[in-house]
Amino acid sequence: MRQIGWNWLGVVPFFAFALLFLVLPTMNIVIGAFQNPQGEFTLANLAGLASPRIVSSFAISIKISLASALLGCLIGFAMAAAVVMGGVPRWIKGPLMTFSGVASNFAGVPLAFAFIATLGRVGLVTMLLRQWFGINIYAMGFNLLSFWGLTLTYLFFQIPLMILIITPALEGLKREWREAAEVLGASTGQYWRMVALPILFPSLLGTFALLFANSFGAVATAYALTGSSLSIVPIMLFAQIRGDVLQDPHLGYAMAFGMIVVTGLANLAYVVMRARAERWMR
Amino acid sequence: MRRVWSWAALIVGGLYFLLPLIGTIEFSLRMRRGEYSLDAYRSVLSDPNFRATFSYSVAMALLTIVLGVLIVVPTAYWVRLRLPRLRPVIEFITLLPLVIPAIVVVFGYIRLYNTSSVLPLTGTASGTNLLLLCGYATLALPYMYRAVDTGLSTLDVRSLTEAAQSLGAGWVRIIGRLILPNVLGAVMSGAFLSFAIVIGEFTMAALLNRPAFGPYMQLLGANRAYEPAALAVIAFAVTWGCMGLMQLISRLFGTRIRPT
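So the sequence lines, in the order shown, correspond to chains B and Z. The opening residue of the first sequence carries number 0 in numbering that gives the first Met the number 0; numbering runs sequentially from there. The opening residue of the second sequence carries number 0 in numbering that gives the first Met the number 0; numbering runs sequentially from there.
Among the clues, some could well be false.
[What the hints assert, rightly or not] What the simulated footprint calls covered on chain Z by chain B, stretch by stretch (three residues with Cβ under 8 Å from a Cβ of chain B suffice, anywhere in the stretch; the number is not a length): (1) 0-8; (2) 46-57; (3) 87-95; (4) 108-118; (5) 132-139; (6) 150-160; (7) 186-197.
I should point out that these hints are in silico values taken from the structure, not numbers from a laboratory. We treat Cβ as the ideally placed atom computed from N, Cα and C, and that holds for glycine.
From just these sequences and the hints, can you work out the full model?
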């Protein structure tokens, strides 16, 4: 009995730290979401989330996250598949993985600057398109400070993350499966549709959920890119924390709670899907 | 045919990644009219605010690494040695910062540690610095823990501990002189990743009102044209340096640390 008591002591610093700087602050927000200013229990804050302004901010946030996760998955998958089984030289894989490691961590304010310098009104690509091809993307309605601009920017860390996660899964596809399919007379399309994709499906779906959460919680890139012109959830919460723009602190807590719910569900999907994917990866 | 598609995917993807990098570098050189110059870099590097915020963030990053190591190494070691049943719990907690957005955590800090609370950390500059430091340590927690735990898995923790104990070593000595050096590779790769995350972190520093590099970059971006591009190049170089060193070290020591 005494032994158990002493053993617990070794993890006290860790739990104290996690409690003070992770669990309690989060709990505080969650509880605040269910309280009125007098400290009584209420669901009014959650009901307040149904106001048009907040609903539209969640809608656009979810749309951007869906679009950047979907495109990130597709493009990342195509690039990873090209390297793993596409018949390109082997040496490409190393640099691609290294670069993905760097780019998936190159987010935040500098990423916004990079895209302003590239696709902003006087950015390199904008200018070159105009000078070489006479295409003025801004006259055509493109705007970096918009849904597509933000999605395009987020892809810079979404695609590398997809490549990092899906490459091991693609490498886990066994040769024997393909050979067996071919012996049975399957075409390449049939092999993909009936063997490879069903096996990869949990990995794909899980990574999609992870990418979704990844862009949903991103604040810095969006803030540096758009200031407060695009009302996505993190930006609105940022403004709320700074200056109570909703004019109701408890509505702010409810909004933060909504954010946790969305990213929490996405991460849960990732964990569940990962567990399923691992069945095939032995 | 398959090869054509593969090359197409790689070239399109490659262009997408290369163009912003080229665009940023080109833009950062455009400050002087009609010719390329390093004026934007000169302007940034000679800005006293740049130096102040950059050194503030470097100091914070180093302190974060120290705090992270102090929390993670003894815990991961102890759990492996004595409380293996607790491992899933610890692992779950270390992954929480990836689930709960940083903006929500810092929102909680502001509410929990405000000037009228039991622990009014936000009341003083040093208290807020401490709070930010702890916030950064939570951000680094998933990466740090994963790195150290992977490093520990290559050791026979029990035998090492028993050997050290039979030679008369105490706990501090075992962790400091035996375990830490043995997982140094893992700790270093976790440290470089933490450094890359903390150095340009914006949300927590901005909301806690600390003079860090991230908010400085944002402010400069809102007010200047060419300097932000130069900053982006510098930030990318720092990230690249950190990640390059990390990959080098993890290749040397044979550890993988991405928490996926």
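Check, residue by residue, whether the stretch 132-139 of chain Z contains three or more positions whose beta-carbon lies closer than 8 Å to a beta-carbon of chain B, and give the verdict. holds (count 4)
At a Cβ distance under 8 Å, does chain B reach at least three residues of the stretch 186-197 of chain Z? As far as the stretch 186-197 of chain Z goes, the hint holds, because 3 residues have Cβ atoms under 8 Å from chain B.
Residue count check for the stretch 46-57 of chain Z against chain B: does it reach three with CB-CB under 8 Å? violated (count 0)
Do three or more residues of the stretch 87-95 of chain Z come closer than 8 Å to chain B, measuring C-beta to C-beta? With 3 residues close enough to chain B, the hint holds.
For the stretch 150-160 of chain Z, does the count of residues with a C-beta closer than 8 Å to a C-beta of chain B reach 3? violated (count 0)
How about the stretch 108-118 of chain Z: do at least three of its residues have a C-beta closer than 8 Å to a C-beta of chain B? holds (count 4)
Within 8 Å of chain B (C-beta), three or more residues of the stretch 0-8 of chain Z: Answer holds; 6 residues pass the 8 Å Cβ test.
When held up to the earlier numbered hints, the structure conflicts with 2, 6 and fits the remainder.
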